[in-house]
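Chemist: Protein chains in written order, with my numbering: chain A, 1 to 298; chain B, 1 to 457.
Since the hints were made in silico from the structure, they are not lab data.
If you're wondering where the values come from, they're calculated on a predicted model, not measured in any experiment.
Careful, some of the hints might be misleading.
With a straight-line Cα cutoff of 25 Å, these simulated SDA-like cross-link-like pairs (lysine to any residue) come out [said to hold, decoys possible]:
id: 1; chain 1: B; residue 1: Lys331; chain 2: A; residue 2: Asp222
id: 2; chain 1: B; residue 1: Lys103; chain 2: B; residue 2: Leu15
id: 3; chain 1: A; residue 1: Lys152; chain 2: B; residue 2: Val431
id: 4; chain 1: A; residue 1: Lys152; chain 2: A; residue 2: Asn134
id: 5; chain 1: A; residue 1: Lys152; chain 2: B; residue 2: Phe426
id: 6; chain 1: B; residue 1: Lys312; chain 2: B; residue 2: Leu253
id: 7; chain 1: B; residue 1: Lys447; chain 2: A; residue 2: Arg132
id: 8; chain 1: A; residue 1: Lys152; chain 2: B; residue 2: Ala420
id: 9; chain 1: B; residue 1: Lys331; chain 2: A; residue 2: Gln95
id: 10; chain 1: B; residue 1: Lys108; chain 2: B; residue 2: Thr154
id: 11; chain 1: B; residue 1: Lys150; chain 2: B; residue 2: Glu182
id: 12; chain 1: B; residue 1: Lys167; chain 2: B; residue 2: Ala81
id: 13; chain 1: B; residue 1: Lys331; chain 2: A; residue 2: Phe153
id: 14; chain 1: A; residue 1: Lys208; chain 2: A; residue 2: Asp222
id: 15; chain 1: B; residue 1: Lys193; chain 2: B; residue 2: Thr154
id: 16; chain 1: B; residue 1: Lys331; chain 2: A; residue 2: Gln121
id: 17; chain 1: A; residue 1: Lys152; chain 2: B; residue 2: Glu58
id: 18; chain 1: B; residue 1: Lys331; chain 2: A; residue 2: Ser73
id: 19; chain 1: B; residue 1: Lys262; chain 2: A; residue 2: Thr84
id: 20; chain 1: B; residue 1: Lys262; chain 2: B; residue 2: Pro249
id: 21; chain 1: B; residue 1: Lys331; chain 2: A; residue 2: Tyr135
id: 22; chain 1: B; residue 1: Lys108; chain 2: B; residue 2: Pro181
id: 23; chain 1: B; residue 1: Lys331; chain 2: A; residue 2: Tyr93
id: 24; chain 1: B; residue 1: Lys108; chain 2: B; residue 2: Glu58
id: 25; chain 1: B; residue 1: Lys447; chain 2: A; residue 2: Leu221
id: 26; chain 1: B; residue 1: Lys447; chain 2: A; residue 2: Phe153
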Amino acid sequence: MSSPLLPDYRTQSPEVAARFERLRAREVALSVRGLTKNFETPRGIITALNDVSFEVHKRELLSVIGPSGCGKSTLVRILAGLETATSGEVRVYDQPVSGAGPDRGMVFQSYTLFPWLTVKQNVMFGPKIAGRSNYHAESEARQWIELVGLTKFENSYPHQLSGGMKQRVAIARALANQPRVLFMDEPFGALDAQTRCQMQSYLLEIWKNVDITIVFITHDLDEAVYLSDRILVLDANPGRVRELIEVPVPRPRSFQQFVEPEFISTRHHIDSLIHPTQSHVREEFPVLKFTKDDPDVV
Amino acid sequence: MSSTGHQWFAVRRDLPPGRRLTLTILSFVLPLGIWCFFSYVPWIWHPDVRIELSADREDVTTVFTAGDHVSRDYFPTFVQAVRDENAAVMALRDSGAAESGAKRKNQKLLRQLAPLAIANGWLPRGEEQNDAALYTLWRDLATGAKVSAKPVLTEENLKIVRDNWEKMSAISPEFSFKTLPETTLLKLLPQGKPANPAYLPEPHQVIITGYHDFTAEPANDAPSMGERYRSSLRIILLGFLWACAIGIPIGILCGVFDFFSKLFEPFIDFFRYMPAPTFSTLLVAVLLAGDAPKIALIFIGTFFQLVLVVSKTTRLLEPSLLEAAQTLGAKPRQLLAHVVLPGILPNLYNDLRILLGWAWTWLVIAELIGVKSGLTEFIETQGRFRNFDRVYPVIILIGLTGFISDQFLAWLHGLLFPWAGKSDRFSRNLVRSITWPVRTLAAAIRKRLAGSPPASV
Numbered sequence: 001m002s003s004p005l006l007p008d009y010r011t012q013s014p015e016v017a018a019r020f021e022r023l024r025a026r027e028v029a030l031s032v033r034g035l036t037k038n039f040e041t042p043r044g045i046i047t048a049l050n051d052v053s054f055e056v057h058k059r060e061l062l063s064v065i066g067p068s069g070c071g072k073s074t075l076v077r078i079l080a081g082l083e084t085a086t087s088g089e090v091r092v093y094d095q096p097v098s099g100a101g102p103d104r105g106m107v108f109q110s111y112t113l114f115p116w117l118t119v120k121q122n123v124m125f126g127p128k129i130a131g132r133s134n135y136h137a138e139s140e141a142r143q144w145i146e147l148v149g150l151t152k153f154e155n156s157y158p159h160q161l162s163g164g165m166k167q168r169v170a171i172a173r174a175l176a177n178q179p180r181v182l183f184m185d186e187p188f189g190a191l192d193a194q195t196r197c198q199m200q201s202y203l204l205e206i207w208k209n210v211d212i213t214i215v216f217i218t219h220d221l222d223e224a225v226y227l228s229d230r231i232l233v234l235d236a237n238p239g240r241v242r243e244l245i246e247v248p249v250p251r252p253r254s255f256q257q258f259v260e261p262e263f264i265s266t267r268h269h270i271d272s273l274i275h276p277t278q279s280h281v282r283e284e285f286p287v288l289k290f291t292k293d294d295p296d297v298v
Numbered sequence: 001m002s003s004t005g006h007q008w009f010a011v012r013r014d015l016p017p018g019r020r021l022t023l024t025i026l027s028f029v030l031p032l033g034i035w036c037f038f039s040y041v042p043w044i045w046h047p048d049v050r051i052e053l054s055a056d057r058e059d060v061t062t063v064f065t066a067g068d069h070v071s072r073d074y075f076p077t078f079v080q081a082v083r084d085e086n087a088a089v090m091a092l093r094d095s096g097a098a099e100s101g102a103k104r105k106n107q108k109l110l111r112q113l114a115p116l117a118i119a120n121g122w123l124p125r126g127e128e129q130n131d132a133a134l135y136t137l138w139r140d141l142a143t144g145a146k147v148s149a150k151p152v153l154t155e156e157n158l159k160i161v162r163d164n165w166e167k168m169s170a171i172s173p174e175f176s177f178k179t180l181p182e183t184t185l186l187k188l189l190p191q192g193k194p195a196n197p198a199y200l201p202e203p204h205q206v207i208i209t210g211y212h213d214f215t216a217e218p219a220n221d222a223p224s225m226g227e228r229y230r231s232s233l234r235i236i237l238l239g240f241l242w243a244c245a246i247g248i249p250i251g252i253l254c255g256v257f258d259f260f261s262k263l264f265e266p267f268i269d270f271f272r273y274m275p276a277p278t279f280s281t282l283l284v285a286v287l288l289a290g291d292a293p294k295i296a297l298i299f300i301g302t303f304f305q306l307v308l309v310v311s312k313t314t315r316l317l318e319p320s321l322l323e324a325a326q327t328l329g330a331k332p333r334q335l336l337a338h339v340v341l342p343g344i345l346p347n348l349y350n351d352l353r354i355l356l357g358w359a360w361t362w363l364v365i366a367e368l369i370g371v372k373s374g375l376t377e378f379i380e381t382q383g384r385f386r387n388f389d390r391v392y393p394v395i396i397l398i399g400l401t402g403f404i405s406d407q408f409l410a411w412l413h414g415l416l417f418p419w420a421g422k423s424d425r426f427s428r429n430l431v432r433s434i435t436w437p438v439r440t441l442a443a444a445i446r447k448r449l450a451g452s453p454p455a456s457v
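All chains should be built: construct the whole structure from the sequences, respecting the hints.
Modeler: What follows is the structure, given as structure tokens:
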């Protein structure tokens, strides 16, 4: 499928290759082994995830992408402990986990800020639940709010914030809990295109400054390539690992890289994995004419 | 209509504030206007005649007194009957037959003027049998010293007044039973004016009697209107608060834990279909007379609905908020206290507002069971006497209480839950000023703490 004009996505520059070498040598932050999830429905058992295994290294940013219905949301919900797997094992820093816990943070697509709490109180929620004093929780919360650049809004209520600001608060709230792994379930999916780009850069900036391992669920190819070290591509029906891709685009990332050959080839490759039947679909369009031919409209 | 101009009838579009206010006012003025229209435009409807001056008839047991309603068709027959009786008296008088023993009858006849005297303010209420005063009134009306305005006496009646006074004054200028004429005097002919049926009194009538009832000292041991009002409020609030105190925790538990939902809700769902009033006799038998069975009835009427409504509201809480809290490390009990409770509070508050409205409807039934009491007892009693002008003020009072308290609670919603995003600037500023001392104090303490952080830091 790949175009002869583009380099193979597996071709890595020496710096990138060396970086992946170092990344692989790091401690394993999250390891998933043989994860299977079956749903019982009146029409029989549906397998959402089938024997999914992968590892995420410390301070890695791994994206999970796949066609709709591939179970990427189910996967991240199981990892966060919001759902139970039918079989398989999840380990965080080699400790098996079950159920939700403060060691695994989560940022949801829907803004899940507590509407009755101010920005600051939202960020303080985790530490307070863990029994930290008001004084400590508050001074820490201030720092996290500063990190996401919302100091001016620390006493605002969520309904007074824009979508992008809400997600920044959600990120600050998750980080304030100092989780070992942060799951992000299509966090920018509900934002408009411009805000989404802004938020992607924000996230990279935050990731640079905070010791955190991120598993990022998305359906946006550009987003996945732009953000990630590696991309886990899932197949649909049943959801299983199709390929784990090392992104050959060097860091630090910028939007200028969107037009560079390694970016395009990686994007192209993932596209062909996710939408293999796209060309067929186009052929099946009915050929009907409702207007005269217009040379300016093609 | 230009594209920028606001149309009155745009599908699902809000009108500008000025028009909304106009319509809000109109929504109250319109029904009042219809009421006034039917009450004050004389040729609209008015199927009755309200008697202002009545007359007793010979050998007829039905007695009409001033204030009674008779049908418009019957009234001329009534007047003609009295006129015929007068003609008979005149005929007897003309025949020259000796007549005696009419003193008692004439005394009653004197009192025909009593309602008129009261209406004109010449005689205080309750003095209907002050014959001396009435005697003088006959004189004054006959000589023209006094002219009745309510009602204006007809020529025919004035002639009768003069005729009678001639007979009376011939014997004595002062009242004395002994000196009343022995011959039958003439009866005043009934007078009245068109009126609507008793169940539709005029607005001003309702206001006047309402004012009178609310301010008057009650007769005998009957409670005053204020006492009735307080007793009704007490019953409704106690019943409602008991229902809340027990119902809200159960409702929340049902909404959160399937265990409680399956344990309680099926039975409650069944029980709520049994109308609360059907338990009234049982409640009186168990709790005896007094307020207890009434409070219990309001409890039964609201409790079962409340549990179901609260559990539904609890279930409607955004599940992702619970999940978010879980990923932040919240344990089940913390979820309940830190997420479920604050999360459902604004909706719960609105539920309770609606349920309080329901409690008002149960109040009427509750006050009728056992020993009738409160506002309802008044409505019930006066309704039986067809004194609807006394009934309406009380009904309106109940309506106003419910409406105003609900509007107040709705406004309070914005005040209590500024984060629900429905508060206006006025409420926010009010809260800010009320909480100002507390916030200033807290800020000062924080500053002090920040200045000298604890040793552990």
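Chemist: Take the hints in turn and mark each one as holding or not.
Modeler: Hint by hint, here is what the structure shows:
{"no.": "1", "hint": "B:Lys331 / A:Asp222", "result": "violated, 38 Å"}
{"no.": "2", "hint": "B:Lys103 / B:Leu15", "result": "violated, 74 Å"}
{"no.": "3", "hint": "A:Lys152 / B:Val431", "result": "holds, 21 Å"}
{"no.": "4", "hint": "A:Lys152 / A:Asn134", "result": "holds, 20 Å"}
{"no.": "5", "hint": "A:Lys152 / B:Phe426", "result": "holds, 23 Å"}
{"no.": "6", "hint": "B:Lys312 / B:Leu253", "result": "holds, 11 Å"}
{"no.": "7", "hint": "B:Lys447 / A:Arg132", "result": "holds, 19 Å"}
{"no.": "8", "hint": "A:Lys152 / B:Ala420", "result": "holds, 21 Å"}
{"no.": "9", "hint": "B:Lys331 / A:Gln95", "result": "holds, 20 Å"}
{"no.": "10", "hint": "B:Lys108 / B:Thr154", "result": "holds, 21 Å"}
{"no.": "11", "hint": "B:Lys150 / B:Glu182", "result": "violated, 30 Å"}
{"no.": "12", "hint": "B:Lys167 / B:Ala81", "result": "holds, 23 Å"}
{"no.": "13", "hint": "B:Lys331 / A:Phe153", "result": "violated, 29 Å"}
{"no.": "14", "hint": "A:Lys208 / A:Asp222", "result": "holds, 20 Å"}
{"no.": "15", "hint": "B:Lys193 / B:Thr154", "result": "holds, 12 Å"}
{"no.": "16", "hint": "B:Lys331 / A:Gln121", "result": "holds, 18 Å"}
{"no.": "17", "hint": "A:Lys152 / B:Glu58", "result": "violated, 93 Å"}
{"no.": "18", "hint": "B:Lys331 / A:Ser73", "result": "holds, 23 Å"}
{"no.": "19", "hint": "B:Lys262 / A:Thr84", "result": "holds, 24 Å"}
{"no.": "20", "hint": "B:Lys262 / B:Pro249", "result": "holds, 15 Å"}
{"no.": "21", "hint": "B:Lys331 / A:Tyr135", "result": "holds, 22 Å"}
{"no.": "22", "hint": "B:Lys108 / B:Pro181", "result": "holds, 13 Å"}
{"no.": "23", "hint": "B:Lys331 / A:Tyr93", "result": "holds, 23 Å"}
{"no.": "24", "hint": "B:Lys108 / B:Glu58", "result": "holds, 12 Å"}
{"no.": "25", "hint": "B:Lys447 / A:Leu221", "result": "violated, 49 Å"}
{"no.": "26", "hint": "B:Lys447 / A:Phe153", "result": "holds, 20 Å"}
Of the numbered hints stated above, those contradicted by the structure are hints 1, 2, 11, 13, 17 and 25, listed in ascending order.
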